[in-house]
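Undergrad: Here's the letter readout for the chains.
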Amino acid sequence: MEELIQTIVDGVAIGSLYGALALAVVLIFRSTGIVNFAQGEMAMFSTFVAWGLLQADVPLGLAVVMTLGIAFLGGMAIERILIRPVEGSDPLTMAVVTLGLFILLNSAAGWIWGFETRSFPSIFPDDSVQLAGADVAVESLGIVALLLAVVGLLYLLFQRTKIGLAVRAVSVNPESSRLSGISVGRTLMIGWGIAAMVGALAGILIAPRLFLDVNFMGGVLIYSFAAATLGGFDSPFGAVVGGWVIGVTENLASTYVDFIGSDLKILVPLTVILAVLLIRPSGLFGSHEVARA
Amino acid sequence: MSLLEVSDLEAGYGDVTVLRGVSFAVEEGQVAAIFGPNGAGKTTTLKAVSGVLRQRGRVTFAGKSIAGASPERVARMGIAHVPEGRGTFAELTVEDNLRIGGYRRRDGEGMRQDMERCFEYFPQLAERRRQRAGNLSGGEQQMLAVARGLMLRPRLLMLDEPSLGLAPVLTKEVFGILGTIAGEEGMTVLLVEQNARLALGLADYAYVLEAGCIVLSGEAKQMKEEQAVQQTYLGF
Amino acid sequence: MSAAAAAAGPSPVERTEQRLRLAAYGLVLLIAVAIPFFLGSYRVGQFTLVLAYSVAVLGLNLLVGYGGLVSLGHGAFFALGAYTSAILIEEAGLPHLMTVPIAAAVCFAAGFVLGLPALRIRGLYLALVTLAVAIAVPQLIKRFDGLTGGTQGLNVAQPTAPGWVPLADDQFLYFLTLVLAIPMFVLAANLVRGRTGRALVAMRESEVAAKAMGVDLARLKTSAFAISSLYAGVAGSLYVFSIGFVAPESFPLTVSFAFLAAIVVGGLATIGGAIFGALFIEFVPIYASDVSDALAGVIYGAVLIAFMYALHGGVMGVLRGTGRRLASRLSREKRKEPLDEPPQPNVAPAASDSPATRPPTITGS
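Just so you know, the protein sequences line up as chains A, S and D, in that order. Residue numbers for the first sequence follow our numbering, beginning at 21 and rising by one. Residue numbers for the second sequence follow our numbering, beginning at 5 and rising by one. Residue numbers for the third sequence follow our numbering, beginning at 15 and rising by one.
Among the hints, a few may not be true.
What the hints assert, rightly or not - Every beta carbon over 12 Å from chain A, so not counted as near; a handful from chain S, in silico:
no., residue
1, Gly33
2, Val78
3, Arg80
4, Gly89
5, Arg109
6, Gly114
7, Ala149
8, Leu168
9, Gly222
10, Lys225
11, Val233
To be verified - Straight-line distance between alpha carbons at most 20 Å, and here's what the computed DMTMM-like set of lysine to aspartate or glutamate pairs gives:
no., chain 1, residue 1, chain 2, residue 2
12, A, Lys285, D, Glu263
13, A, Lys285, D, Asp159
14, A, Lys182, S, Glu76
15, A, Lys182, S, Asp12
16, S, Lys68, S, Glu88
17, A, Lys182, S, Glu99
18, A, Lys182, S, Glu113
19, A, Lys182, S, Glu214
20, S, Lys68, S, Asp12
To be verified - Which bits of chain A does chain S cover? Going by a derived footprint, with three or more residues having C-beta under 8 Å, they are:
no., region
21, 47-58
22, 164-176
What the hints contain is simulated information worked out from the structure, not anything from laboratory work. Glycine included, each C-beta is placed from N, C-alpha and C at the ideal position.
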């Protein structure tokens, strides 16, 4: 029983990590209709920036905040420089450009920081607490709490602020937004910036567990896509719930189902993607428009 | 000096030129209408003025040239373009749609008052303020589009074929409200319409656009009496 | 072009263009045949790989370039073909050539199966599914290590030149690959020029319109996946002959990305582009890593993005444009001017009747 609780709680924690990156993917998809294959690499790059700051003896909390800021600017720059020229193009062009960005960021990170694996400190203390009779890591609980906080903040941002309204307007009808005086370009940049920040946070939370190297977000990206697909590609709430479902399912499967083991774990998200797209393309919480993409 | 002055306007889509040198003016406080047959270039004219389409020629608003300005800038200068097809933000609520209309404004209290006034003009919208705008009927969406334009507190309200796709009863209602707004607010309106009767009913001054050129212009009252207009556009 | 002009057959410019194109093919073939005799065995090996890759790239272009079905999983079928040949050669002792049609058939069937979800899923979701397949394959290879040799991989005997052929082994391998690749190109060219090609393009432009024109979308999509996988499978076999070794590490996700990059660089919806794409993915990483290992990927990614912006037609697009200009200049020189009239000025195609009506264009939305 104790093992079960630990597996589930850990699954929720891992799922929160997938959900965090999925949230970034969904934010961009919702505001621009683009599937950003480079989201994981953007997060990886940001995490390396954080690592660089730590090497420069910047305290962890400050490093994280600075990284988020840098990620925001980076996301804005990527939108303005790389994505804007091909905005509105066909799916293939968008896929190729984001894949090109993937390759570029991956190699750039290797060029700047090298290809070795490093450790990265967790922002949570290394304690555990008792939950229903089982030992649960503070880190796991912290991750879940932080994700929920992020979701809450995003909700307030999009529903209660002017800039959030602009992002929603542009995602629904860019032409009409222009006629109301909204600067579509600047709004898109901000959307990408916010998504990049969320992705950076995901990277910073994941790095302590998976260790920091240029490829550490590669697998996570697939899990995040699965989470986003399951939750509905245009539903931020769905991304988080999808992440939890996948995290828990995968953890239970790899612990209790022999065939799966650790190297075939990747089949879980892949099967999820396939199943969802075949049975109910709009996912759990997505809107119907999503299925037509 | 007219509020909006357009001279030798040329615009088109790709290789196709639609407007071949259109000139007209709209005075402050006036309701001006441009009507004509399908394909004459009415929608193109508004799009060229608001910057959605690239154009050649002179367009001045309140003395300043807006030729080549982006739609965002044109809106910020005080021209509200209520587009063909209504341009509704379907997934957002009616209230959000109106807030978007007033996006560039900084006076929170003024915006709230204006929103209430819009709801007074269009009671159907008030009933549905929290509903998803896409669920509204065509007529209600048209009202919403006009209201969104009004939220900008524009100096010039441009309406692109407001009667399109609406049942006659609804168009009568919408145009009635437009008349009220023009009268009460003293709003300057540029209306583009296929339905000449409605256009001439609302307008002070009218232009006839055919095949990309203005062929006739004058006071709306006189236009109505004009035999050519009567035969071609008023179905006499 | 008026009906009368169309009925009169290709214009002089078009005929010159056709002649230029044939000349170009001839030149390429000549170079291809000459390569093994003028280069050292390492280089010849590289070009053999280029030929193998070009078959894979060709297949992907049929699916993605012509058909508009985004697939990120081409590497999976490449791996499937490679492993099929490898296992048949090592475990079943089959002669090399016999494994090629078998690998082709296996991949054809597998591609058909992958085409089935394509009936219900579109666009980027389809890309996701194919991405998932591409990632799953190396893991599945490792899991079924009884058959595939697992992480260790399989060493595969390479084809050697029979005694009566006056070629070195590497040259023989090159020509074997060439001889197998050429019919694949011819087949693709015919496919593209015929009904299937037109149907694919129609589907890419608008599924609704294609259906209205009587295209059986279901059959077309599954066929497109099946055929492109067949090509990948053949390419995989050729790859195995060339390298003599397969392992799960040979087929990471980046292989699928590379093929995608190749069709972009070579030219979407072109046949000839496959060669340039294959050259790109074989040589650019090498030269880029001469500059710096890490920078290789940066260059690779940057080139990819640059092609999407500027050179949308890929290398083939550039070549075609050049060919057209050359053809029109050549055919103009051939025209004899009458002696008593001054030479005609260079007549540019008329875009507008009068300067006043120069049509402006829509701003990007």
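Undergrad: What hints, given by number in increasing order, does this structure fail?
TA: 2, 3, 4, 5, 7, 15, 16, 19, 21 and 22
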